[in-house]
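Protein chains: 2
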Amino acid sequence: MTTLRVELRNSPEKIRLPLGFSFSAIAAGLKVSGRPDLALAEAASGAAAAALFTKNRVVAAPVEVGRAGLLSSGGRVRAVVVNSGNANCATGHAGIQACERVCREAGRLFGVPAAEVFPSSTGIIGVRLPAEKICARLPELVILSARSHSQRGVLAFAHAIMTTDTRPKIASARFRASSTEGSKEVTLLGVAKGAGMIHPKLATMLVYLFTDAGASPRQLQSLLRQACDDSLNCISIDGDTSTNDTVLLLASGASGARVRDAGTRKKLSAALNAVCQSLAEQIVSDGEGVQHVIRLFVEQARSREEALVVARTIAHSMLVKTAWAGADPNWGRILAAVGRCGVPIDPSRVQIFIGDQRVCRNGIACAFNERQAHRDLAQPVCDLRVQLGRGRHLVRFLTTDLTAEYVRINADYST
Amino acid sequence: MTTLRVELRNSPEKIRLPLGFSFSAIAAGLKVSGRPDLALAEAASGAAAAALFTKNRVVAAPVEVGRAGLLSSGGRVRAVVVNSGNANCATGHAGIQACERVCREAGRLFGVPAAEVFPSSTGIIGVRLPAEKICARLPELVILSARSHSQRGVLAFAHAIMTTDTRPKIASARFRASSTEGSKEVTLLGVAKGAGMIHPKLATMLVYLFTDAGASPRQLQSLLRQACDDSLNCISIDGDTSTNDTVLLLASGASGARVRDAGTRKKLSAALNAVCQSLAEQIVSDGEGVQHVIRLFVEQARSREEALVVARTIAHSMLVKTAWAGADPNWGRILAAVGRCGVPIDPSRVQIFIGDQRVCRNGIACAFNERQAHRDLAQPVCDLRVQLGRGRHLVRFLTTDLTAEYVRINADYST
Numbered sequence: 265m266t267t268l269r270v271e272l273r274n275s276p277e278k279i280r281l282p283l284g285f286s287f288s289a290i291a292a293g294l295k296v297s298g299r300p301d302l303a304l305a306e307a308a309s310g311a312a313a314a315a316l317f318t319k320n321r322v323v324a325a326p327v328e329v330g331r332a333g334l335l336s337s338g339g340r341v342r343a344v345v346v347n348s349g350n351a352n353c354a355t356g357h358a359g360i361q362a363c364e365r366v367c368r369e370a371g372r373l374f375g376v377p378a379a380e381v382f383p384s385s386t387g388i389i390g391v392r393l394p395a396e397k398i399c400a401r402l403p404e405l406v407i408l409s410a411r412s413h414s415q416r417g418v419l420a421f422a423h424a425i426m427t428t429d430t431r432p433k434i435a436s437a438r439f440r441a442s443s444t445e446g447s448k449e450v451t452l453l454g455v456a457k458g459a460g461m462i463h464p465k466l467a468t469m470l471v472y473l474f475t476d477a478g479a480s481p482r483q484l485q486s487l488l489r490q491a492c493d494d495s496l497n498c499i500s501i502d503g504d505t506s507t508n509d510t511v512l513l514l515a516s517g518a519s520g521a522r523v524r525d526a527g528t529r530k531k532l533s534a535a536l537n538a539v540c541q542s543l544a545e546q547i548v549s550d551g552e553g554v555q556h557v558i559r560l561f562v563e564q565a566r567s568r569e570e571a572l573v574v575a576r577t578i579a580h581s582m583l584v585k586t587a588w589a590g591a592d593p594n595w596g597r598i599l600a601a602v603g604r605c606g607v608p609i610d611p612s613r614v615q616i617f618i619g620d621q622r623v624c625r626n627g628i629a630c631a632f633n634e635r636q637a638h639r640d641l642a643q644p645v646c647d648l649r650v651q652l653g654r655g656r657h658l659v660r661f662l663t664t665d666l667t668a669e670y671v672r673i674n675a676d677y678s679t
Numbered sequence: 265m266t267t268l269r270v271e272l273r274n275s276p277e278k279i280r281l282p283l284g285f286s287f288s289a290i291a292a293g294l295k296v297s298g299r300p301d302l303a304l305a306e307a308a309s310g311a312a313a314a315a316l317f318t319k320n321r322v323v324a325a326p327v328e329v330g331r332a333g334l335l336s337s338g339g340r341v342r343a344v345v346v347n348s349g350n351a352n353c354a355t356g357h358a359g360i361q362a363c364e365r366v367c368r369e370a371g372r373l374f375g376v377p378a379a380e381v382f383p384s385s386t387g388i389i390g391v392r393l394p395a396e397k398i399c400a401r402l403p404e405l406v407i408l409s410a411r412s413h414s415q416r417g418v419l420a421f422a423h424a425i426m427t428t429d430t431r432p433k434i435a436s437a438r439f440r441a442s443s444t445e446g447s448k449e450v451t452l453l454g455v456a457k458g459a460g461m462i463h464p465k466l467a468t469m470l471v472y473l474f475t476d477a478g479a480s481p482r483q484l485q486s487l488l489r490q491a492c493d494d495s496l497n498c499i500s501i502d503g504d505t506s507t508n509d510t511v512l513l514l515a516s517g518a519s520g521a522r523v524r525d526a527g528t529r530k531k532l533s534a535a536l537n538a539v540c541q542s543l544a545e546q547i548v549s550d551g552e553g554v555q556h557v558i559r560l561f562v563e564q565a566r567s568r569e570e571a572l573v574v575a576r577t578i579a580h581s582m583l584v585k586t587a588w589a590g591a592d593p594n595w596g597r598i599l600a601a602v603g604r605c606g607v608p609i610d611p612s613r614v615q616i617f618i619g620d621q622r623v624c625r626n627g628i629a630c631a632f633n634e635r636q637a638h639r640d641l642a643q644p645v646c647d648l649r650v651q652l653g654r655g656r657h658l659v660r661f662l663t664t665d666l667t668a669e670y671v672r673i674n675a676d677y678s679t
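Chains as they are written, first to last, in the working numbering: chain A, 265 to 679; chain B, 265 to 679.
Calculated from the structure, these hints are not laboratory results. Incorrect hints may have been included.
Any copy will do: because identical chains look the same in the list, a pair fits if it lies in one copy or spans two.
To be verified - In silico lysine to any residue, SDA-like type, Cα no more than 25 Å apart, as pairs:
(1) K319 with V607
(2) K319 with T428
(3) K319 with Q651
(4) K319 with E569
(5) K319 with S567
(6) K319 with D610
(7) K319 with R568
(8) K319 with R604
(9) K319 with G606
(10) K319 with R576
(11) K319 with C605
(12) K530 with L658
(13) K448 with H413
(14) K295 with L419
For reference, chain A alone in the conformation it holds in the complex (with noise of 0.2 Å):
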């Protein structure tokens, strides 16, 4: 039994590459600039699925069929297909005819049901998607990754599915797990793009998430449920939420471990939630003008909602994020901003901590190093800790600052 690990590092040689998955990409000629935008990841006997998608009430017409896929296959997936410079989003019946259509002929090139395909799409919103220059390129995109199980393949996935991304967005870790079986050797791969919503015309966070063992696609909703809550749920640039939000967990069984087995479950939950905390941070870091990442923790809430509720309140505030860009150690802002979220909370009993330092004590100003606490929220990451005196609950949030740099990204496309 070794120590779990996770490897943060992007380059090809670092990558963990787990059993039964190859990957490909290619430019279809989605994206005006003519980089690759077709993303294909293939399970060549399958695995079993689940995946979370986003809450908002207008949905792109993949979250649709992917989610009706699911259900018709009972968890089941061939292959993942990704298109980026489309969201395929606000596009009506035609919409949905148009990813359907990309199912139905990846499915007939692997020779499974539509419903075995899943599709996701990101990039401009209310454009019609067109899917015959995707399906022109599937049988090419298919033949690519059955010649690769490699690094390169999952790289060049990362590179397709990016938008407004400046980088690719992998980690992937790996496990012994022992069992009356013997013991396996267990891989875990996680590939992201973008985080919330941050782009004008190229919106949505999609997470992909490969692993060799074995497993229902009942235990993988529940123990991706759990990795996301304390991870990719807890982070927040700019407040928006996408149309077209997608985290997929899929599991090959390849490597002859079970989920079954509790100690192999427990490894991989860990697994899980140190991917997707370094997928969360990477998404976080390389939000459009991001100068400093936030690590803000709500601690002392009623329950794990109230402090969510907080958290978010004060990571939305406008006045709070743009004080963070000028690293202004400016407490009163975030007093305020937990002043007005809705909990019931008495001023009198919050203290607030920027870096090692308690800024404000019972509500009310007190002594400290404002060079220092300056010079802490200064650092590319810095630790905001805000005690609410009402309970024993806490959550862990990612934000970012606001930067003028965010409004000129932002302000400065037009349609």
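For this one, chain A is given, so just place chain B on it according to the hints.
Just chain B now, with coordinates in the frame of chain A:
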């Protein structure tokens, strides 16, 4: 009976002065700039009063003291003392004592209980209020006020309560009230500062309304709440609410007209609505870094509350606000904000209009003149209409774009 007149200009010769009030202002050394920062509004024979306060759980000392004073005096106010340059917030028990000391000293000068002096503060949070500086200048302020029932006094008052405001905000209305006791001329004057919490250290919206109609505190409270619901409660610049927000309505009764007369009440209500609406527009258009004011109409909601939830979500979306900064008719961002607001909308029933043009039909892209939409959004004020297809309720909400200038103003401050 003349028709209702609302005068929006704030040049001294245009201000309508209600009988029974006088105004003065002075520089007491609270503002570093040395500008006037202490203002007095006096009702020589006292006035009935009603007030609305911030809903933030973190409230400044003057809000606590002012609320308690109104309760203790039975809604009677002899004088309003406002300081800018210091919010007296997050200052603990010492802050309450400092505020009470100012009220006690002013009460002594006027020969009334401290409870009949209504205090307000606006400025930096977490810094001790120098009550001694204020008390030292109160006698001079009282003498000045006694000598001036004039437009000049109102202007001085309006200037002294400013913080980051670039211009004073004044509106007045006058009407004739006819009853069995004959025809009387009634005047309403409104003076305001700020907008939500639009400045790093200088928070707060303060609104003071003065009328020479006669009314009980209870009658005033009902009129005030109704007028604010449709105006000052329907504006937002950044979604942050201040710890000091206060709206105060005083009625001297000096005109001889009484609100218990139904015709007078109706006209005063209309005058209050018009004056509050004008002040709301003046506040929003003077918001920090604001280039464009958006008049947002959310229609076809099940309830007014539901329409407000949708309006606030749109108005606080950083993605939507930055699109407005670029005059970008990006309806996808608006639709996505509607989708995440928590109201169970059906996207296929949503219509979005920019200016006179429909830009989204039944939740899907529709053809429109993009150059015209861009031109409409580039105006100082643009109408934007969102129809939910759920009911018959609507709200009119005033908001603004989010510019790089806003970020610069709010990031460049250092405590």
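Each hint, compared with the structure:
no. : hint           : verdict
1   : K319 with V607 : both (23 Å within a copy, 12 Å between copies)
2   : K319 with T428 : within (22 Å within a copy, 39 Å between copies)
3   : K319 with Q651 : between (29 Å within a copy, 21 Å between copies)
4   : K319 with E569 : both (16 Å within a copy, 21 Å between copies)
5   : K319 with S567 : both (21 Å within a copy, 23 Å between copies)
6   : K319 with D610 : between (31 Å within a copy, 14 Å between copies)
7   : K319 with R568 : both (19 Å within a copy, 24 Å between copies)
8   : K319 with R604 : both (24 Å within a copy, 7 Å between copies)
9   : K319 with G606 : both (21 Å within a copy, 9 Å between copies)
10  : K319 with R576 : both (16 Å within a copy, 18 Å between copies)
11  : K319 with C605 : both (21 Å within a copy, 10 Å between copies)
12  : K530 with L658 : within (22 Å within a copy, 52 Å between copies)
13  : K448 with H413 : within (20 Å within a copy, 90 Å between copies)
14  : K295 with L419 : within (18 Å within a copy, 58 Å between copies)
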